[in-house]
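2 protein chains.
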Amino acid sequence: MKIRFGKLPKEVLEKTVFKWLGAKRKDVLLWPAYGEDAAIVNVPNRRLVVACDPITGSRKLVGWLSVHINANDVAVCGAKPAWFSSCILLPEGDEKVFKSIVKQIHKAASELHVSVITGHSEVALYVSEPIIIGTMIGMLEGKKYYKTGGAKPGDKIIMTKTAAIEGTAILATDLSEMLSSRIDTSLLKRASAFYRRISVVDDALRIASTGLATAMHDPTEGGLLGGLYELAEASKTGFVVYEDAIPVARETKVLCEALNCDPLKLISSGTLIASVKGSSHERLVRALKRAGVKAAVIGEVLRKKEGRKLIRSGGAVESINSAVTDELWRILSER
Amino acid sequence: MKIRFGKLPKEVLEKTVFKWLGAKRKDVLLWPAYGEDAAIVNVPNRRLVVACDPITGSRKLVGWLSVHINANDVAVCGAKPAWFSSCILLPEGDEKVFKSIVKQIHKAASELHVSVITGHSEVALYVSEPIIIGTMIGMLEGKKYYKTGGAKPGDKIIMTKTAAIEGTAILATDLSEMLSSRIDTSLLKRASAFYRRISVVDDALRIASTGLATAMHDPTEGGLLGGLYELAEASKTGFVVYEDAIPVARETKVLCEALNCDPLKLISSGTLIASVKGSSHERLVRALKRAGVKAAVIGEVLRKKEGRKLIRSGGAVESINSAVTDELWRILSER
Chain H
1 MKIRFGKLPK
11 EVLEKTVFKW
21 LGAKRKDVLL
31 WPAYGEDAAI
41 VNVPNRRLVV
51 ACDPITGSRK
61 LVGWLSVHIN
71 ANDVAVCGAK
81 PAWFSSCILL
91 PEGDEKVFKS
101 IVKQIHKAAS
111 ELHVSVITGH
121 SEVALYVSEP
131 IIIGTMIGML
141 EGKKYYKTGG
151 AKPGDKIIMT
161 KTAAIEGTAI
171 LATDLSEMLS
181 SRIDTSLLKR
191 ASAFYRRISV
201 VDDALRIAST
211 GLATAMHDPT
221 EGGLLGGLYE
231 LAEASKTGFV
241 VYEDAIPVAR
251 ETKVLCEALN
261 CDPLKLISSG
271 TLIASVKGSS
281 HERLVRALKR
291 AGVKAAVIGE
301 VLRKKEGRKL
311 IRSGGAVESI
321 NSAVTDELWR
331 ILSER
Chain F
1001 MKIRFGKLPK
1011 EVLEKTVFKW
1021 LGAKRKDVLL
1031 WPAYGEDAAI
1041 VNVPNRRLVV
1051 ACDPITGSRK
1061 LVGWLSVHIN
1071 ANDVAVCGAK
1081 PAWFSSCILL
1091 PEGDEKVFKS
1101 IVKQIHKAAS
1111 ELHVSVITGH
1121 SEVALYVSEP
1131 IIIGTMIGML
1141 EGKKYYKTGG
1151 AKPGDKIIMT
1161 KTAAIEGTAI
1171 LATDLSEMLS
1181 SRIDTSLLKR
1191 ASAFYRRISV
1201 VDDALRIAST
1211 GLATAMHDPT
1221 EGGLLGGLYE
1231 LAEASKTGFV
1241 VYEDAIPVAR
1251 ETKVLCEALN
1261 CDPLKLISSG
1271 TLIASVKGSS
1281 HERLVRALKR
1291 AGVKAAVIGE
1301 VLRKKEGRKL
1311 IRSGGAVESI
1321 NSAVTDELWR
1331 ILSER
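Chain order of the listed sequences is H and F. Just so you know, our numbering puts 185 at position 185 of the first sequence, and the rest follows in order with no gaps. Just remember that our numbering sits 1000 ahead of the position in the second sequence, which is counted from 1.
There are no misleading hints in this set.
Straight-line Cα separation of at most 30 Å, DSBU-like style, residue types lysine-lysine; simulated pairs:
#, chain 1, residue 1, chain 2, residue 2
1, F, Lys-1019, H, Lys-99
2, H, Lys-2, F, Lys-1107
3, H, Lys-2, F, Lys-1096
4, H, Lys-107, F, Lys-1026
5, F, Lys-1277, F, Lys-1309
6, F, Lys-1103, H, Lys-15
7, H, Lys-19, H, Lys-2
8, H, Lys-80, F, Lys-1080
9, H, Lys-80, F, Lys-1143
10, H, Lys-236, F, Lys-1099
11, H, Lys-99, F, Lys-1024
12, F, Lys-1019, H, Lys-60
13, H, Lys-15, F, Lys-1099
14, F, Lys-1236, H, Lys-99
15, H, Lys-19, F, Lys-1096
16, F, Lys-1015, H, Lys-99
17, F, Lys-1026, H, Lys-80
18, H, Lys-103, F, Lys-1026
19, H, Lys-80, F, Lys-1015
20, F, Lys-1107, H, Lys-26
21, F, Lys-1152, F, Lys-1289
If you want the footprint, here are the derived chain H segments under chain F, 3+ residues with CB under 8 Å:
#, stretch
22, 1-8
23, 39-49
24, 99-110
25, 123-130
Calculated from the structure, these hints are not laboratory results. None of these values were measured; they are calculated from a predicted model. Virtual Cβ for every residue (Gly too), placed ideally from N, Cα, C.
So that you can see chain H by itself, here it is in the shape it has in the complex (with noise of 0.2 Å):
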């Protein structure tokens, strides 16, 4: 079988990363599997989370976004982010490059009180852009957890900010030169300052707090729906959500009509989705409202069989009954 740019398909992984998997210690909480993207070990006294992603996509924040999406991860599982190893791969090319993206690293890392451990730099065959692969480690401060594979049919479920930060940052940053002759620059410029929004580690820790959650997931590629795609599979569930109740921001729904492409389906970190029992949603809403997190409920957890499915503001329902391919790949691919 031929594989194609972006994730591996499930059916992929399942014959692969999610059966071998070396030793079967028994300190191993929380192995591989579809839409977690974190693991969880027990050391004495402690639990660890730890991630591990790439940062391909983009070119200008490769570095700034190397530390957000894994300290994202980390937290959704409920733990605090610790401690950040890059691997930088770069072309051959001026140092700057390099110099631009370690200054990123830092200062996002400074900002989430995290340290760069250790880690590798280097210029590599085989690499024609900058790639960095971060791996975060954080700790548990008890023994509870929370994991994409939790979700329950009945659950409400929520979301925090707004859908397709992320993708609305790369954009506007990678594509400026090419959208400042379609769009407003002003609003260019706010929307190219939406990489200050991407970290989702106050949310999920505030989500955490309340003890309210059955599941926490923060969606990347493939946007809003491939993270509730992710969810559902994770926790063998179906969902409905409704496009009419997903905020999306002004400045990303300009950029993707002059893109023609779908915010649902964008790139998103920056968003969590949660779920939680059908009978705390408000609560939970009233909590975070309370803490300064922006959340609204999008939609509920239904069983398998009752499918998964998007309510266009139209009235049209769209299945999504695979992963969804990110509409970036496609944009960047096209250009």
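Dock chain F against chain H, hints included.
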């Protein structure tokens, strides 16, 4: 400044990744520094060792190498490797390549009693050959750990096994077609089986258990001489080693002659170098011999002002005054 293929120069690293390290957490015991390939952090009641390295130079053994190279970096600190995460980046192509990589990781991890706990697999833009970035985490039994920068003038330098084990395996495997017309096929077959010798986990844990070493390091890029330079630089010392005292396998010698390369500057995982107090080196070598680990005394740590030098077999003195560029990059780029 233009940066070129291979590890980045020390001057560049010192201005960037050794300086911009995010928050200054007090639980970090070993920070990034030249020659230090792992980090050590405190969790309550335990010390964790973390190492992160990519495999980009070899195509057929990437999965296998990724586990062992990172396990080596953790073990030379004195810790047993426990958990591995891998980021696998691929160009578009056949699924078989991916499967073979994951199987290699599974096999190597199983042998080391390591679990594969998280990761990411992606067909990535900007990548023209498979690249695996591994992160290994291990736990120290007690409080004592080893670093590259612990050698003292007057210490003896010992090495285990032979020089350029990794390079021998990579060249014999990846250039097998080209080499088969030049050298004996049974020798080539034995050389390609050198990847079985790449782990230094046993060597390192054995040396650690004696408590006699002052520093441990596993030479990788830049070969044995590159590793010695890193040890000296991290320890702020000089050194003298004798070509005649350095064990080189016959297979390695033949391959290096055919490709006109220096085995002492060829990528060298599989060998462990350690410094040991002048009065204890015989005890250490005897202890290793009893445990079935081959070790040789190859030279001595000097004061920095005494220089860093290799005495060639003929008596010529070669100064090692800067990081060593690996012969592998030259050979692969000349193909």
